[in-house]
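Colleague: Residue-level listing of the chains:
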Amino acid sequence: MGHSKFIPSLFLCPQIKSMKKSYRLSKFIIAATGIGIALSACKAPVPKDPEALAEYRQNNDKYEPTNRKMYSLTTKVDKYTLRPVAKAYVWAVPKVVRKSLGNMIATMNEPVVFFSDVGAGKPRRAGDAFARWCINMLGGIGGLIDVAKYAGYNHHDTTPGMTLASWGVGSGPYLFLPFLGPSSFRDAGGYAISVGLSPWNYVPRGYGLISFNWSYNMLGVISTRADYLEAMDKLQRDSLDPYATIRSAYTQQHNAEIKALIDDHRATTPAWYLK
Amino acid sequence: MKTKSYLLISMALLSSNFVTYNTNFSSALFPAAQAQTVSYTDAQLQKWLENIGDRMVSVVNSNVSKQEQKNSFLEILNQYVDVDTIGRFCLGRFWRIATPDQQKHYLQLFHSVLINAITDRLGEYKGVSFQIGKVSPAEGNNRSIETIIRRPKQPDVTVQWIISTSNGAPRIVDIVGENASLVVTQRDDYTSFIARNGNKVEALLSALERQIARHP
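Protein chains in written order, with this note's numbering: chain A, 1 to 275; chain B, 1 to 216.
Please note that a few of the clues may not be correct.
[To be verified] With a Cα cut of at most 27 Å, we get these calculated DSSO-like pairs of lysine-lysine:
| id | chain 1 | residue 1 | chain 2 | residue 2 |
| --- | --- | --- | --- | --- |
| 1 | A | K48 | B | K126 |
| 2 | A | K76 | A | K87 |
| 3 | B | K153 | A | K43 |
[Stated by the list, open to error] Quick look at which bits of chain A chain B covers, simulated, 3 or more residues with Cβ under 8 Å:
| id | stretch |
| --- | --- |
| 4 | 110-121 |
| 5 | 253-265 |
Don't read these hints as lab results, they were simulated from the structure.
Here a beta-carbon is modelled for each residue, glycine too, at the ideal position from N, C-alpha and C.
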């Protein structure tokens, strides 16, 4: 799942990043959310005033009351658990090391990006992800150094949810998933697929590999949270309704990402060959 | 890293949802824009923005006091940014519900909130430089100029400046950073806040007042 997503800004700070789905919390969270929504799904009343109705449609947030509960639950729990841990991580681990670990996490996610690009029928993007995986795993010492960037293969994110969108699957109502952040029905489904696409869930269950898997997952969660520390603090401090701000920015950015995916028509044949 | 891949995205074309959104946006912002012919060439606008950018950078990198920086930015803001239009848009559907007094009060508060938010962040931009990119058409006869903002030890950020020339001289009417529009995000924050406080514009005004009072 993507890890470098930026929320805009309240006022001139293009760097505020969004609280974003942590890499991979276990699948049951999704299932639990699904059940949670089914049980407690209170829908927001549909407004009658035409302008309010337009806004309601625009927000695409039928389950707003439930989503808001999930949001406040997440921020409350986060305040006493993940946020302090992420702060400690930033305090204890030097920036260079954090950057390398971040690179590793991104590289380890390249298979998911690759399959999503293939699914969307975008050979150049898939090729980029594939080349990044090979170069960084070999030349970048297991992904710790982003060598591929210097070879001209920049990082990009494609999630299975975006692939579904490129097939024309509608997003369904907006969802705020507990501990995973902003999403939608489609993207929650995409998230489940991405768990299935990640090769790390198929490695033989030897003791060492289980340890690797656990530490990789935990690290992914902490590192991602650490990336958004300042941004989330700012957002919660500066916006009057942080929930709505996150929803708005997430929707705008996600739509732009999907559009970028759909509009990527780069030819597979190199330009020099066509001449 | 990632910013590069989004260089060509313009907000105006996001999704079908978004097109409606932005159409409303442009007609709300520039009712008379359709009739106007734009008399600035792309190169002129680039030059214009570069000028403003240079001024901003020199303020950010100068060693004058915070208050002086704030004053210089206020001057730039008043001269080149259409703060009233942005503020009006950020109030969304509640602009028309608001009484003229509330509108006036709101715009005053909005100016203060905006300048506070900018001056708060100037420190983060120390050593900043920028590069002007291409100009593309945006919604409602506006044009979007792409810039890459470079800061020491930080990833580059792509920012689009939405420029309106409908009132003669060019003015900045929106800033799109990492694919999210400043005014759209801010509007969604404000309107949602008002809606959750009994649709009362007064609630927003007092919240903004508190925000300003809290500001050091």
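Colleague: Does each hint fit the structure? Answer for all of them.
Modeller: Each hint, compared with the structure:
For the hint pairing A:K48 with B:K126, the CA-to-CA distance comes to about 49 Å; that exceeds 27 Å, so the pair is violated. A hinted pair counts as satisfied when its Cα atoms are at most 27 Å apart, and A:K76 with A:K87 qualifies at roughly 16 Å. This hinted pair does not check out: B:K153 and A:K43 have alpha carbons roughly 45 Å apart, beyond 27 Å. With a threshold of 8 Å between beta carbons, the proposed coverage of the stretch 110-121 of chain A by chain B is violated, since 0 of its residues qualify and at least three are required.
Check result for the stretch 253-265 of chain A against chain B: holds, 8 residues qualifying (beta carbon to beta carbon below 8 Å, three or more required).
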